[in-house]
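Undergrad: Given the coordinates of chain R, assemble chain C onto it according to the supplied hints.
2 protein chains.
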Amino acid sequence: MEAIGITRLCHRNLLPTSNPSLTSTFISSFVIGRTSSHNYNRNFPKFLVSATMESSFKPEEARVPVELPLPAPPVTKFKIALCQLSVTTDKERNIVHAQRAIEDAADKGAQLILLPEIWNSPYSNDSFPVYAEDIDAGGDASPSTRMLSEVSRSRKITIIGGSIPERSGDKLYNSCCVFGKDGKLLAKHRKIHLFDIDIPGKMTFKESRTLTAGERPTIVDTEVGRIGIGICYDIRFQELAAIYAARGAHLLCYPGAFNMTTGPLHWELLQRARAADCQLYVATCSPARDGGSSYVAWGHSTLVGPFGEVLMTTEHEETTLVAEIDYSVIEQRRTYLPFQKQRRGDLYQLVDVERLTCKGAK
Amino acid sequence: MEAIGITRLCHRNLLPTSNPSLTSTFISSFVIGRTSSHNYNRNFPKFLVSATMESSFKPEEARVPVELPLPAPPVTKFKIALCQLSVTTDKERNIVHAQRAIEDAADKGAQLILLPEIWNSPYSNDSFPVYAEDIDAGGDASPSTRMLSEVSRSRKITIIGGSIPERSGDKLYNSCCVFGKDGKLLAKHRKIHLFDIDIPGKMTFKESRTLTAGERPTIVDTEVGRIGIGICYDIRFQELAAIYAARGAHLLCYPGAFNMTTGPLHWELLQRARAADCQLYVATCSPARDGGSSYVAWGHSTLVGPFGEVLMTTEHEETTLVAEIDYSVIEQRRTYLPFQKQRRGDLYQLVDVERLTCKGAK
Chain R
1 MEAIGITRLC
11 HRNLLPTSNP
21 SLTSTFISSF
31 VIGRTSSHNY
41 NRNFPKFLVS
51 ATMESSFKPE
61 EARVPVELPL
71 PAPPVTKFKI
81 ALCQLSVTTD
91 KERNIVHAQR
101 AIEDAADKGA
111 QLILLPEIWN
121 SPYSNDSFPV
131 YAEDIDAGGD
141 ASPSTRMLSE
151 VSRSRKITII
161 GGSIPERSGD
171 KLYNSCCVFG
181 KDGKLLAKHR
191 KIHLFDIDIP
201 GKMTFKESRT
211 LTAGERPTIV
221 DTEVGRIGIG
231 ICYDIRFQEL
241 AAIYAARGAH
251 LLCYPGAFNM
261 TTGPLHWELL
271 QRARAADCQL
281 YVATCSPARD
291 GGSSYVAWGH
301 STLVGPFGEV
311 LMTTEHEETT
321 LVAEIDYSVI
331 EQRRTYLPFQ
341 KQRRGDLYQL
351 VDVERLTCKG
361 AK
Chain C
1 MEAIGITRLC
11 HRNLLPTSNP
21 SLTSTFISSF
31 VIGRTSSHNY
41 NRNFPKFLVS
51 ATMESSFKPE
61 EARVPVELPL
71 PAPPVTKFKI
81 ALCQLSVTTD
91 KERNIVHAQR
101 AIEDAADKGA
111 QLILLPEIWN
121 SPYSNDSFPV
131 YAEDIDAGGD
141 ASPSTRMLSE
151 VSRSRKITII
161 GGSIPERSGD
171 KLYNSCCVFG
181 KDGKLLAKHR
191 KIHLFDIDIP
201 GKMTFKESRT
211 LTAGERPTIV
221 DTEVGRIGIG
231 ICYDIRFQEL
241 AAIYAARGAH
251 LLCYPGAFNM
261 TTGPLHWELL
271 QRARAADCQL
281 YVATCSPARD
291 GGSSYVAWGH
301 STLVGPFGEV
311 LMTTEHEETT
321 LVAEIDYSVI
331 EQRRTYLPFQ
341 KQRRGDLYQL
351 VDVERLTCKG
361 AK
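As you go down the protein sequences, you meet chains R and C in turn. Residue numbers are given in the UniProt record's numbering: position 253 of the first sequence equals residue 253, and the series is strictly consecutive. Residue numbers are given in the UniProt record's numbering: position 314 of the second sequence equals residue 314, and the series is strictly consecutive.
Just chain R, same shape as in the assembly:
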């Protein structure tokens, strides 16, 4: 074959390794100019290939910092409920309605409840400032999360509280609160990737007109396992799911309101892809469809298993789905298809910036 040269081979590893003694590493020579060549295949002289092979692979370095082992979950099997709720312009009704759905699901044995994205308000830039609550202030300033806290404590269940518009100072966020079975707020995720899309004649929406993006990933240990949180558009970014998996997540929960264009195109595909690539459970919950609203949700709340298989899904009407999650399946799938341990850290590395830069972060 034609041998195509490359100017320099510098194969030393320039990123942090799993070796704890390597607390500092010097990075150099990372900016690669475009060349006039139209061929990008590298055919190193054979002796160089042989020289590098001994030191290659490094699957443990494909995640920076190194991937954490899957933790033993507090429960192996439990029931999850996806409450696909109808949402109206009446906030008080929405809160009472959500509470009833949660209590019904708890009556059916659900230990984990997932609510939809923006369930206390219409999904519109006009509504967000009107329906927003000051979650940090709590009490009367946040009747939606007060209800979630109370019902999680009274029913001894874990709630991934979908999302509501949050007011914090002069900013608005799209925020998901997680409550433990003692009613305490365990975590709050602010949507990281704002939904700004423009498909002419089909769907245009710009959350960034009113909302501010969150600043960090959210992974939380609950009574039903370690859960990574994303809100709707966050699911498009495979890196977020991958860093949750590397932090030892058992389950990813995405409250989401895909629309009538992106829903049929991508909603199930993305859920299945995240689950199959990360080999963990993915649960999503959408508002029920309301054809009369300005933003029409696709519905189709779904639970996906760690082979990317749809375990439970619904159409677009209001309903609550209850199904069992069995975490022992995760380890089984990862044994069958061990690609979590077959990555090529010598070729690509996914950096979790928060874990890399913040001591004590996880």
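By construction, these hints were calculated from the structure, which means they are not laboratory data. It is possible that some hints are incorrect.
Treat identical chains as interchangeable: a pair holds within one or across any two.
As the list claims (entries may be wrong) - Below, simulated DMTMM-like cross-link-like pairs (lysine to aspartate or glutamate); rule was C-alpha separation at most 20 Å, straight line:
#1 202 to 140
#2 156 to 324
#3 206 to 170
#4 202 to 309
#5 341 to 324
The structure presented is a predicted model; accordingly, all values stated were derived computationally and were not measured.
TA: Below, chain C alone, put in the same frame as chain R:
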């Protein structure tokens, strides 16, 4: 809400940026110990959140080195053919058979031909050493690639030559050769991720018993666009597709022979996921199914568009599919759904190690 502290906030960016002057950066403090805390949500004091927000997002830093712009392809529209070939134990027959399929596809106007994984040999560890060819030596030492070179030159077409077992010194590889329309070898991809899986009672195969893994990604500029190459199991690793996309690929080609277990589970899902996440074309080509062989291929060669939509697919029988690719759709999709520009380089970064470490690499 409960405010949960974090020991230290160190938000300075510790990885290379798109700023060429930043040719060295000191990395520290990357090893994160497990703590006894069961809550991993970070709620920084508000003033810190505000302070960091100004410097956050950095979508251009989500790919290290920085993502290259999509190059203008030499052609916008062209026809691709996927030759889903039957494979026998008769190597000479396999070569003649492949040549006829390629010529038929060229007669139908195809400018790019994609062949299956391991099309000149049965797919088995016993066969690989017997059917392997010395591609670098060429001529009589590699009748399969000699045929590909001759037919690409005589018909003035580009061929992604599926894969064949390659002998190089004392090693065997699973290798894909790319020929330009002048018959010259443009690139050779050696399967990077070897197929070692064990699903009891369903599918067990360990390529690593006989094969050696390739050492680098392969992206090549052809007369029909910039193409990233993966072979079969390589498709499971989203990072490879993502670094090809960041190098400006228009199309990913995966010769592959998924089996009767992983085929129905994951073959189409992975193709669609890679296409939708990277917003480019994905083409795959499998051998036709032979129920009598030790390894039974799933078939289902497919072309997927940059919305993750299946444009063309087949069942398991021998056939050649011809369809049009329109690269202008890629830019349109990326304008509609601009998530390639919405990544959070402040939260995660995907490092292309070869481009990072090798001056002149692309």
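Undergrad: If the cut is 20 Å between Cα atoms, do residue 206 and residue 170 qualify within a copy, between copies, both or neither?
TA: within (19 Å within a copy, 58 Å between copies)
Undergrad: Check residue 202 against residue 309 for me: Cα-Cα at most 20 Å, and say if that holds within a copy, between copies, both or neither.
TA: Intra 29 Å, inter 17 Å, cutoff 20 Å: inter-copy only.
Undergrad: Is the C-alpha distance from residue 341 to residue 324 at most 20 Å within one copy, between copies, in both cases, or in neither?
TA: neither (27 Å within a copy, 38 Å between copies)
Undergrad: With identical chains, the pair residue 202 and residue 140 could be close in the same copy or across copies; at 20 Å between alpha carbons, which is it: within, between, both, or neither?
TA: neither (39 Å within a copy, 57 Å between copies)
Undergrad: For the identical chains here, do residue 156 and residue 324 meet the 20 Å Cα criterion within one copy, between copies, both, or neither?
TA: For residue 156 and residue 324, only the intra-copy Cα distance (18 Å) is at most 20 Å; the inter-copy one is 57 Å.
Going down the numbered hints, you'll see the structure goes against 1, 5, while the others check out.
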